[in-house]
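Use the sequences and the hints to build the structure in full.
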Amino acid sequence: MEIIEQIRIVEALLFASDKPLSAIALDDCLPEGSDIDRLLSELQEHYSGRGVILVEVAGKWMFQTAPDLAFLLRKEVEQERRLSRAAVETLAIISYHQPVTRAEVEEVRGVSLSKGILDVLMEAEWVRPMGRRRTPGRPMTYGTSDHFLVHFGLNSTKDLPGLAELKAAGFLDNVNTSRLNLLDDVKPTEEQPELPGSAGE
Amino acid sequence: MEIIEQIRIVEALLFASDKPLSAIALDDCLPEGSDIDRLLSELQEHYSGRGVILVEVAGKWMFQTAPDLAFLLRKEVEQERRLSRAAVETLAIISYHQPVTRAEVEEVRGVSLSKGILDVLMEAEWVRPMGRRRTPGRPMTYGTSDHFLVHFGLNSTKDLPGLAELKAAGFLDNVNTSRLNLLDDVKPTEEQPELPGSAGE
Amino acid sequence: MKNKEPEQSVFEDVSLVAQPPDDEERLILDIDGFEGPLDVLLTLARTQKVDLKQISILELVQQFLKFVAEAKLQKLETAADYLVMAAWLAYLKSRLLLPEESSEDELSAEEMAARLTYQLQRLNAIREVSANLMSRNQLNRDVFARGMPEPVIVTKNAVYELSLYELLKGYADHKTRHAIADIKIHKREIYTLDQALERLRGLIGTALDWTDLFQFLPDYAGSEEMTRSIKASLFTASLEMAREGRAEIVQKQVFGPLFIRKRNRED
Numbered sequence: 001m002e003i004i005e006q007i008r009i010v011e012a013l014l015f016a017s018d019k020p021l022s023a024i025a026l027d028d029c030l031p032e033g034s035d036i037d038r039l040l041s042e043l044q045e046h047y048s049g050r051g052v053i054l055v056e057v058a059g060k061w062m063f064q065t066a067p068d069l070a071f072l073l074r075k076e077v078e079q080e081r082r083l084s085r086a087a088v089e090t091l092a093i094i095s096y097h098q099p100v101t102r103a104e105v106e107e108v109r110g111v112s113l114s115k116g117i118l119d120v121l122m123e124a125e126w127v128r129p130m131g132r133r134r135t136p137g138r139p140m141t142y143g144t145s146d147h148f149l150v151h152f153g154l155n156s157t158k159d160l161p162g163l164a165e166l167k168a169a170g171f172l173d174n175v176n177t178s179r180l181n182l183l184d185d186v187k188p189t190e191e192q193p194e195l196p197g198s199a200g201e
Numbered sequence: 001m002e003i004i005e006q007i008r009i010v011e012a013l014l015f016a017s018d019k020p021l022s023a024i025a026l027d028d029c030l031p032e033g034s035d036i037d038r039l040l041s042e043l044q045e046h047y048s049g050r051g052v053i054l055v056e057v058a059g060k061w062m063f064q065t066a067p068d069l070a071f072l073l074r075k076e077v078e079q080e081r082r083l084s085r086a087a088v089e090t091l092a093i094i095s096y097h098q099p100v101t102r103a104e105v106e107e108v109r110g111v112s113l114s115k116g117i118l119d120v121l122m123e124a125e126w127v128r129p130m131g132r133r134r135t136p137g138r139p140m141t142y143g144t145s146d147h148f149l150v151h152f153g154l155n156s157t158k159d160l161p162g163l164a165e166l167k168a169a170g171f172l173d174n175v176n177t178s179r180l181n182l183l184d185d186v187k188p189t190e191e192q193p194e195l196p197g198s199a200g201e
Numbered sequence: 001m002k003n004k005e006p007e008q009s010v011f012e013d014v015s016l017v018a019q020p021p022d023d024e025e026r027l028i029l030d031i032d033g034f035e036g037p038l039d040v041l042l043t044l045a046r047t048q049k050v051d052l053k054q055i056s057i058l059e060l061v062q063q064f065l066k067f068v069a070e071a072k073l074q075k076l077e078t079a080a081d082y083l084v085m086a087a088w089l090a091y092l093k094s095r096l097l098l099p100e101e102s103s104e105d106e107l108s109a110e111e112m113a114a115r116l117t118y119q120l121q122r123l124n125a126i127r128e129v130s131a132n133l134m135s136r137n138q139l140n141r142d143v144f145a146r147g148m149p150e151p152v153i154v155t156k157n158a159v160y161e162l163s164l165y166e167l168l169k170g171y172a173d174h175k176t177r178h179a180i181a182d183i184k185i186h187k188r189e190i191y192t193l194d195q196a197l198e199r200l201r202g203l204i205g206t207a208l209d210w211t212d213l214f215q216f217l218p219d220y221a222g223s224e225e226m227t228r229s230i231k232a233s234l235f236t237a238s239l240e241m242a243r244e245g246r247a248e249i250v251q252k253q254v255f256g257p258l259f260i261r262k263r264n265r266e267d
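Chains as they are written, first to last, in our numbering: chain G, 1 to 201; chain C, 1 to 201; chain D, 1 to 267.
Don't read these hints as lab results, they were simulated from the structure. Just so you know, not all the hints are guaranteed correct.
To be verified - The calculated DSS-like cross-link candidates involving lysine-lysine, where the alpha carbons are at most 27 Å apart (straight line), are:
1) D:Lys93 - D:Lys72
2) D:Lys156 - G:Lys115
3) D:Lys156 - G:Lys167
4) G:Lys19 - C:Lys19
5) D:Lys72 - C:Lys115
6) C:Lys19 - G:Lys75
7) G:Lys158 - D:Lys49
8) G:Lys75 - D:Lys156
9) G:Lys60 - C:Lys19
10) D:Lys53 - C:Lys167
11) G:Lys115 - D:Lys169
12) D:Lys49 - C:Lys167
13) D:Lys156 - C:Lys19
14) C:Lys158 - C:Lys19
15) G:Lys75 - G:Lys19
Stated by the list, open to error - Computed beta-carbon distance windows for the label pairs:
16) D:Thr155 - G:Gly116: 14 to 24 Å
17) G:Ser112 - C:Met1: 45 to 55 Å
18) D:Lys156 - C:Met140: 36 to 46 Å
Built from N, CA and C at the ideal position, the CB exists for glycine as well.
As structure tokens, this is what we get:
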């Protein structure tokens with residue numbers, strides 16, 4: 001049998017097999033006196049640089065998608081999720097009051113902040129850590145990201161409507177805005193983030 | 001992107017799949033302006049004569065082991081359950097006469113169809129219901145599925161072996177279901193399947 | 001059309017059992033090996049000629065009737081098919097042998113014979129193509145797909161949807177809940193008892209007989225709230241006048257209208 005015929009056999013066996021095959025197992029299907037190592041190396045050579053390559057894993061042989069094309073076999077799908085009311089409120093408070101610590105958000109909301117909420121907002125890439133405050137305990141402060149501005153079509157957080165504007169737009173019925181001075185709160189001074197891009201805080 | 005890169009992508013996608021892929025699905029993974037037909041034909045050319053070949057079945061593309069190596073691979077799988085003669089004949093009548101009613105199958109074979117036969121063919125996903133005929137009783141008609149084409153390596157039902165000869169000999173003319181054929185049937189018309197893409201697809 | 005021997009591949013369960021040659025040159029056919037009378041006819045026809053177009057129908061009828069006579073037709077439902085065919089063939093035979101009477105309604109014996117030949121040829125043709133079909137390379141029998149397909153791994157990325165409106169609404173709602181809201185208590189419109197008494201005293205004299213109390217509602221009643229207040233006050237006023245002995249009140253049924261009339265003091 002010609003070499004090319006033997007290579008074809010090895011090629012078909014490896015292709016159709018549902019598990020990697022050892023050189024010995026392949027040799028069993030070949031005529032007496034075949035040089036299986038040579039066949040495998042020629043086959044490997046034939047597939048080098050192709051979309052599929054022949055690899056040896058743990059002493060056995062198999063075809064595999066070329067590593068640089070592995071991306072073809074990964075499909076990313078976007079799954080839309082809704083934010084909870086608590087998350088929306090937390091995001092709003094962070095965007096209006098930034099930079100703000102977790103304790104401050106809790107104080108403003110009047111309830112403690114469950115662990116997941118900041119994670120979700122950071123996963124959505126709307127909220128980012130903004131450095132530690134120079135106060136006892138040096139708590140981390142949070143603010144909004146550039147992605148937040150892009151998502152909501154804002155040039156800067158200064159573009160967020162103030163309370164008077166919100167009231168004029170009908171968002172704040174029954175609220176006497178003169179008693180709300182939160183927007184005029186003096187903001188504590190911030191340090192620059194000590195660990196730039198220290199996500200996960 | 002160079003042609004060779006595009007071919008590698010098509011090769012990797014087809015190689016990774018154990019089911020046929022449509023040219024459209026493949027094209028979706030390629031850069032804008034790729035000529036998928038050319039890529040497929042170059043790929044087919046590259047594999048011609050190899051142990052694995054690129055075939056077009058049911059209008060889609062897949063890699064398969066070369067048919068001449070069947071002797072080698074057959075022993076690797078258990079001999080599949082043989083279809084009964086009645087089932088084979090029924091499958092042939094359905095594939096050549098489709099869409100065809102149960103009564104017509106019985107007429108061609110000259111014997112009534114036992115209950116299990118259609119079930120076996122539908123369970124194998126070779127036969128599927130194809131809608132009811134607009135004749136009294138509105139009998140269900142049957143035809144073959146894409147799975148049937150893939151299994152028998154056919155690109156379409158037009159490629160069934162001997163189809164032209166059967167047609168020329170008049171053996172695919174309307175089947176007269178009044179036993180012992182004393183009258184001619186009115187040419188039947190089919191309704192669209194009531195459940196498109198229903199069972200068997 | 002090419003002819004193939006039916007014993008090939010898929011037809012291996014056809015039992016064509018040849019008797020020893022010394023017992024005439026005849027075939028004994030086992031009915032269990034057949035797929036109905038047409039199958040028997042086809043098999044018998046093959047013993048005559050390779051070309052089905054040239055078979056002798058008369059001889060075929062003879063063969064079939066002999067077969068049915070010798071076969072052990074035990075199962076009734078199986079037997080019925082064969083007996084119907086035998087009867088039809090016997091009829092066909094008689095038609096073929098007797099001089100043909102011309103009839104407009106019926107097919108001629110030759111046409112009937114031709115139809116039978118056609119059916120046999122068609123079944124034979126289907127058998128040939130089914131043999132061809134089954135001898136094709138079948139997936140997972142002769143040819144194989146990739147044994148280790150590499151699955152497409154789908155990763156789901158969460159995308160959070162939130163509009164600016166929802167964000168602002170969230171903030172505003174929060175402010176609303178936490179702000180001290182101004183509550184204005186509106187002055188309620190009421191029709192006082194004094195007003196009602198004055199009206200009732202003034203009007204009751206003009207009515208000569210029993211009158212529905214609510215006939216005395218002023219025309220300008222206005223809001224529903226005001227109407228309710230007027231009704232309540234008029235009712236209280238009527239009770240007051242009854243207590244003073246200036247009026248009589250009658251109600252004929254529960255929730256029915258209240259009738260009132262002036263009562264002249266008898267002092």
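Subject >> Hints violated by the structure (listed by number, smallest first) >> reply: Those not satisfied are hints 3 and 7.
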